[in-house]
Amino acid sequence: MSSEDNLINSVQNTWCPGCGNFSIQHAIKAVILELEQEGIPKEKIVLVSGIGCHAKIVDYFNLNSFYSLHGRTIPVATGIKMANPDLTVICFAGDGDLYAEGLDHLIHAAKRNLDITVICHNNRVYGLTTGQYTPTSPHGFSGKSTPDGLIEYPLNVIELLLGAGASFVARTYTRRLPHLKRVLKEAIIHHGFSHVDVLQICATFFNQTAWYDERVYETSESNSDRFEFACKTAQQWNYNDDTKIPLGIFFRFTKPVLPEKKDLTSKDRISVIKSLLDRAT
Amino acid sequence: MEVKIITEYSVLIGGKAGDGISQAGQLIASLFSELGYHVYQYIDYPSLIRGGHNFCIIRAAEKPIMAYRDGIDVILALDQTTIDLHQKKLRPNGTIIYDKKRVKDTGHALDIGDIIEKYHGIRIMGNTAIISAFCGFMGISWDITEQVFRRKLQKKTDTNIQIAQEAYSQISKSMNIGPSVNGKHLPLLSGNEWISLGLLAGGIDAYIAYPMTPSSGILHYLASVAHEAGIEVIHPESEIAVILIALGFSYAGKKTAVGTSGGGFCLMTEGLSLAGMAEIPIIIVLSQRAGPSTGLPTYSSQSDLLFACHAGQGEFPRWIASPATSEEAYAFSAEAVRIAWKFQVPAFILSDKSFSEGIFTGEINPDETKESFQSSPSFPYRRYEDTPNGISPILAPPYVHETIKYNSYTHDYQGITTEDPEMTVTMVQKRIRKTEQLLKYVDKPGAVHLGGKESAKIALLCWGSPRGVCSEVAEELGLRVVSPVVISPFPTEEFRKAMTGVDKIILVEESSTGQLNLITAREGYKMDHVILRYDGRPFAVEELLDQVTRCIP
Chain W
1 MSSEDNLINS VQNTWCPGCG NFSIQHAIKA VILELEQEGI PKEKIVLVSG
51 IGCHAKIVDY FNLNSFYSLH GRTIPVATGI KMANPDLTVI CFAGDGDLYA
101 EGLDHLIHAA KRNLDITVIC HNNRVYGLTT GQYTPTSPHG FSGKSTPDGL
151 IEYPLNVIEL LLGAGASFVA RTYTRRLPHL KRVLKEAIIH HGFSHVDVLQ
201 ICATFFNQTA WYDERVYETS ESNSDRFEFA CKTAQQWNYN DDTKIPLGIF
251 FRFTKPVLPE KKDLTSKDRI SVIKSLLDRA T
Chain B
282 MEVKIITEYS VLIGGKAGDG ISQAGQLIAS LFSELGYHVY QYIDYPSLIR
332 GGHNFCIIRA AEKPIMAYRD GIDVILALDQ TTIDLHQKKL RPNGTIIYDK
382 KRVKDTGHAL DIGDIIEKYH GIRIMGNTAI ISAFCGFMGI SWDITEQVFR
432 RKLQKKTDTN IQIAQEAYSQ ISKSMNIGPS VNGKHLPLLS GNEWISLGLL
482 AGGIDAYIAY PMTPSSGILH YLASVAHEAG IEVIHPESEI AVILIALGFS
532 YAGKKTAVGT SGGGFCLMTE GLSLAGMAEI PIIIVLSQRA GPSTGLPTYS
582 SQSDLLFACH AGQGEFPRWI ASPATSEEAY AFSAEAVRIA WKFQVPAFIL
632 SDKSFSEGIF TGEINPDETK ESFQSSPSFP YRRYEDTPNG ISPILAPPYV
682 HETIKYNSYT HDYQGITTED PEMTVTMVQK RIRKTEQLLK YVDKPGAVHL
732 GGKESAKIAL LCWGSPRGVC SEVAEELGLR VVSPVVISPF PTEEFRKAMT
782 GVDKIILVEE SSTGQLNLIT AREGYKMDHV ILRYDGRPFA VEELLDQVTR
832 CIP
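Listed in order, the protein sequences are those of chains W and B.
Start counting the first sequence at 1; every next residue gets the next number (the numbering used here).
Start counting the second sequence at 282; every next residue gets the next number (the numbering used here).
No lab work stands behind these hints: they were computed from the structure.
Built from N, CA and C at the ideal position, the CB exists for glycine as well.
Keep in mind that the hints are not guaranteed to be accurate.
[Unchecked claim] Selected chain W positions facing chain B (in silico; Cβ < 10 Å): (1) 43; (2) 46; (3) 58; (4) 67; (5) 69; (6) 87.
Using the sequences provided together with the hints, build the complete structure.
The following block contains the structure:
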């Protein structure tokens, strides 16, 4: 059996037909096969998910995984990476999961420049709980909890991540598969905190296919090492207005990373305790 | 009847928050432990940084003690409030040593400001002056005084010593305290530090916590020794992050403990339930303070017992122990690590403010540390393999050709989400078998402390820190003390043995409802009297003695 054949297991897939999650799964599979060729053995990869439709992805991959809690993808991934810096840790999260329930963790992981990759399956609606607004839903969104239309405006998560200190910030779209694959791979390779906001449609509760198809374009990445350019790109679309939507790696920067390289040589615990007792006076 | 005379001393030092009363108390405790006494120190302080009244009671005795008494031999007053509040506790032949410029009283006056000025010291060195005067008064030799001061005061040591010498010479020797008959100089640590040493002995690789009184002492102590001990100590953004980061560490094979108090533990409960479902080892130190909500942040309580027993949605096994001595804190904290990894369950150390922040001597032997638990997985690996005892071997990534899948959903053997009714039942029953195994493992000698007059028909029932005061009361009144150390799963057989022959039970607990009562009622025991306290303060021996006396014929 080739590596490609057994990367996806035989677990029954329960995503809706047309769901953007299939594209992310396909792209990740291709990226992991390439990474394996390039020297990252697959047993050193750990996938972590939150809870929501996106999270089923970890069940479908024949890879190490931790199917965690709604909003808690990042702290679990933080623990795994801090405990063993040799592991490549990839987080899958939904927009409700990541930008509502678990937003504080996202900000702090970006602040720490923790060397993990966060992939947000951003369909701008809660799917598994059958259609409520999320922090990235547009103004006026008519969901089950907001039947009169959403009075809030969405969060520009790209601006938020830049402000928080993320060293790799990108946006891509599930219907631009080569772009999706390239951006995901770059994000995983990036040494530091990398965030990819993946626009995708929810086939059942918020199908924006035509709307996105007309507006997305691949932006230039020639100034992606410059923060002020990244901020300008982030402001081109505020997740609400009817404007062009840039896709691409908006910001990529090198700065100190967590976990630091530490020499935690194993010490004789008993003699450490004896020494501490000697000083306990 | 032969009357056994116990030589013991109680000292109270009080002042304003910011006067360094806590450190001053430790210095006095160190002097007594240097002389070979068993020492117990209680710290009382409000939740503020400056102003307010802080005091410590330091008690030294020839036998192990874990409580304070009302009668104070010497009061050291750095402010007037100390006199106003505590003078009534002074024994008839007791003495007050005070700062002349800040306090009006009759006793031994010391012009602290003057002494500090003479040696160009700073205000905080007033502690040095008053403690040194105390040493002179007690007849503690200058050699020992200087030795302890040099060891404990590592900043501006020479100025401190000059100030100490001046204060020492200004007071006349009125007592003659000698070395304790034990003659053994025992280590002196806070409850939080004894717990920390136990966690280290159990083999933790990491400690993760968000600051919260009264658990922060563990965070501070382990952070200060992290390099030396070779552990990671992390302070993340919230208690929610704390427990989930810890579960990530466990996934990667690293033994990890967390610590908090009630409010922080509320935030940890979703992670606790995840540990229950995904069968992830985790050690939780829960140090109680008076609630509900923010409550009394710096005062003690035992009102989170049932919360700890039942926290988290769903049903899953957990181990809870509540140590009452330094030796138990060390042994059971180490045991918590072994239990968590052997049974892949949450293991709790249930402490409280009195125990965590109290400072006391103890005697442990690190060479007796047990080996840590080793898992032996079979291949191809399945994380939730069904086994007769319900325990699936644990394996950490990376492992070539194997996938290691943890899951918060109901899952199959491999760790894949399932909603199949049969697999659901299989996994529920697997957790039930783990609970049964755990009970079998814990219900053994040591799980329930039996003390006092062991054959007495009247038993004082208690758990955790009040055992110290209960033991002294029981000794004076000839009562039995029964105190479960392991609380979940409840050691039924050991408890029954300890209660054999008891016909009257008096429960002592720092709560308003007597929570242990609900646990022992399940075992078929009914309390005859319940003595509760919920003002955040522990009982002094005399206070409890008075209440217990009223319950017995």
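### Query
Which hints, by number, does the structure contradict?
The structure breaks none of the hints.
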